[in-house]
Amino acid sequence: MADQLKPGSGPLDYGNRLWLKILFGVIFFMLYVPIITLVAFSFNTDRRGIVWRGFTFDNYVKAWNNSALIEAMVNSLMIAFITTIIATVLGAMVALMLWRFRFPFKGAYEAFMGLPIVIPEICMGVALLLFFNETGMMGAIVALPWPLNLSNIIIAHVAFCFPFVAIVVRSRLVGFNRQLEEASKDLGASEWQTFWKVIVPFMMPGLVAGALLAFTLSLDDFVITFFTSGPETVTFPVKVYSLVRRGVSPEINAASTVLIVITVVATVLAMKLQAPQKSGKG
Amino acid sequence: MPSPFLLASIQGSQEQGESGRVLDNWKDNKNVFWTLAGPGTFWLLVFFILPLGFLFVMSFSDKAVIDGEISITEYDYLTGISNYIRSVDALYLTIIWKSIWVSALATVLCLLTAYPIAFGICFASERWKPLLLLLVVLPFWINLLIRTYALIAVFRSQGYVNLALGTVGLGPFDMLYNNFAVIFGLVYVYMPFMVLPLYATIERLDKSFLEASLDLGASQFTTFLKVTVPLTMPGIITGVILVFIPCLGSFLTPDLLGGANAIMIGNVIERQFKAANDWPFGAALSFMLMYATFAALMLRAFLAKRSAGVDV
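Line order of the protein sequences matches chains A and B.
Residue 1 is where the first sequence starts when you use this note's numbering, and the numbers rise one by one after that.
Residue 1 is where the second sequence starts when you use this note's numbering, and the numbers rise one by one after that.
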């Protein structure tokens, strides 16, 4: 075999194969074209949204003036905000506990924590619907002032969000050098001071990443909210669902684009924080 | 909805383990232990396990008959397994069976598209790798409902696909509200779940095995089939389960893309709790779905254990 191998054309340089590049192109095209057209057509002047007729912000103005849509958005943001706070605290505590202690049936406990993650969403949704109904909570909260009338949804969201937070925070804690904790105690700090001055600062990127994740999960959830929201309360995804069932309209595109931007920004931030620090960590 | 990043971090944290670090015994510091464990455990017990318990009881109950009329709101609890017997009726069995094969087909298609993607990313240059990974995962962060809505705009009878086909004189075709739309939607929505575990295993694969196989005269195809695929089997299994489970329990995709023609078990459950108002039966179907999910998870654990020796 006297073939001269050009750099990048060796038998293992699959990354340079043309067929693979074409396949990549096709699959990414299929992944992105629907989303890109959705965003692009939110700026379209054509009502039916099929042919491009010209650039406009009208659809955003219309969405902004649609009070039902705005109300749903405000509800969603409020739910996501409260859920994030509760879920981050609960998740961080569970993460600390799992990181620090050994106890009997730890494996079973971890599986129990993972249950809301693996169980089909619809099962969790209907179980909570039944629970809120049977305990009378569904009827009781309707009379409460905003935002307390969102309590059922918040309770449900916290239940599926905080195990995720626990996983993120725990994977951060794995990198903690416990000698720092010992050093702090040797230098006279109490357990409580060590916790706040040494462990919490170390956990912080994990906490922020977990919080952003809980925020996006809550903001995006449709299935569980669909079952746990009463007839009076509407969240943004539930509202969009009812609009989508009636057909395609540029207004939905505009509203969707706003939601896409919010969640993508939150996630990119979370990913940046979660990524293992490379060089320059000091 | 679990995210691939988390799944990656789950795998990561399990691998790194806490080996080499002695964990405190919970008995040494009971106050701290209970303070940390209490709230989360309480929340999950009351707002997750207890509701599932309610659902379990409901699945063995029936609507109460008061004065010869079937009540809408009252139930006779723990009357028997009639709901489960009904759920294996021919009608529902067909839907369950259909949900299984639709999910299986979607999973296979996911595997077939995701494998070359994961493989390509692993062999891409270091400069491109993070970007390509981000591109695969980014759609995942966009709301499921919105992505499904985006597909409707593409596939509907005045959608872009039909518009494009129309310019070459074809169509219009009915691409929505059938099994094709549901399967395409499921593949579209859950592909990232497949790419990430595959990527993780292919990345760890010792490339010298491939070199050895090629040096010893095997063709690229044989090498792929006899070396790469067996060595990346753990990733394939994880990916298959991660896609199959959410597909089986999906409600939104068949609801919006399948309409009345392509309902899956999730839609039947939803109908029992909303329109049909037959909660006991819906509860029984939910448990059938959960048993199927747990069976898939157990299969994964079993296969993972068996292939543990292969994972070099």
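Hints listed in this document are in silico derivations from the structure and should not be mistaken for laboratory results.
Think of the CB as a built atom: it goes at the ideal place given N, C-alpha and C, for glycine as much as any other residue.
Each hint should be verified, as a subset may be incorrect.
Unchecked claim - Taking lysine-lysine and the DSS-like style, the derived pairs with C-alpha atoms no more than 30 Å apart in a straight line are: (1) Lys21(A) to Lys27(B); (2) Lys30(B) to Lys21(A); (3) Lys106(A) to Lys185(A); (4) Lys27(B) to Lys129(B); (5) Lys305(B) to Lys106(A); (6) Lys129(B) to Lys30(B); (7) Lys129(B) to Lys197(A); (8) Lys27(B) to Lys272(A); (9) Lys305(B) to Lys197(A); (10) Lys21(A) to Lys98(B); (11) Lys207(B) to Lys226(B); (12) Lys129(B) to Lys185(A); (13) Lys185(A) to Lys226(B).
To be verified - Selected chain A positions facing chain B (Cβ under 10 Å, derived; list incomplete): (14) Leu90; (15) Met93; (16) Leu98; (17) Lys185; (18) Leu187; (19) Gly188; (20) Val268.
Hint-by-hint comparison with the structure:
1. Our distance criterion of 30 Å between C-alpha atoms is broken by Lys21(A) and Lys27(B), whose separation comes to about 58 Å.
2. For the suggested pair Lys30(B) and Lys21(A), the alpha carbons sit about 58 Å apart, so the restraint of at most 30 Å is broken.
3. Proposed proximity of Lys106(A) and Lys185(A) is supported: the alpha carbons are some 27 Å apart, at most 30 Å.
4. In summary, the hint linking Lys27(B) to Lys129(B) is not supported, as the alpha carbons are separated by about 47 Å, beyond the 30 Å threshold.
5. With a C-alpha separation of about 20 Å, the suggested pairing of Lys305(B) with Lys106(A) holds against the 30 Å cut-off.
6. For a cut-off of 30 Å, the pair hint linking Lys129(B) to Lys30(B) is broken: about 46 Å separates their Cα positions.
7. Our distance criterion of 30 Å between C-alpha atoms is broken by Lys129(B) and Lys197(A), whose separation comes to about 37 Å.
8. Taking the CA atoms of Lys27(B) and Lys272(A), the gap is near 38 Å; set against the 30 Å cutoff, the hint is violated.
9. For the proposed pair Lys305(B) and Lys197(A), the alpha carbon gap of about 42 Å is over 30 Å, so the pair is violated.
10. With a C-alpha separation of about 35 Å, the suggested pairing of Lys21(A) with Lys98(B) is violated against the 30 Å cut-off.
11. Our distance criterion of 30 Å between C-alpha atoms is met by Lys207(B) and Lys226(B), whose separation comes to about 14 Å.
12. For a cut-off of 30 Å, the pair hint linking Lys129(B) to Lys185(A) is broken: about 43 Å separates their Cα positions.
13. In summary, the hint linking Lys185(A) to Lys226(B) is not supported, as the alpha carbons are separated by about 56 Å, beyond the 30 Å threshold.
14. Hint on Leu90(A) holds. Least Cβ distance to chain B is approximately 4 Å, under the 10 Å limit.
15. Because the closest C-beta pair between Met93(A) and chain B is about 5 Å apart, less than 10 Å, the hint holds.
16. Checking Leu98(A) against chain B: minimum C-beta separation of about 9 Å stays under 10 Å; hint holds.
17. Taking 10 Å as the C-beta cut-off, the interface hint given for Lys185(A) is violated, the closest approach to chain B being about 13 Å.
18. A cut of 10 Å between beta carbons decides the hint on Leu187(A): the least distance to chain B is about 20 Å, and the hint is violated.
19. Because the smallest distance between the Cβ of Gly188(A) and any Cβ of chain B comes to about 19 Å, over 10 Å, the interface hint for this residue is violated.
20. Hint on Val268(A) holds. Least Cβ distance to chain B is approximately 8 Å, under the 10 Å limit.
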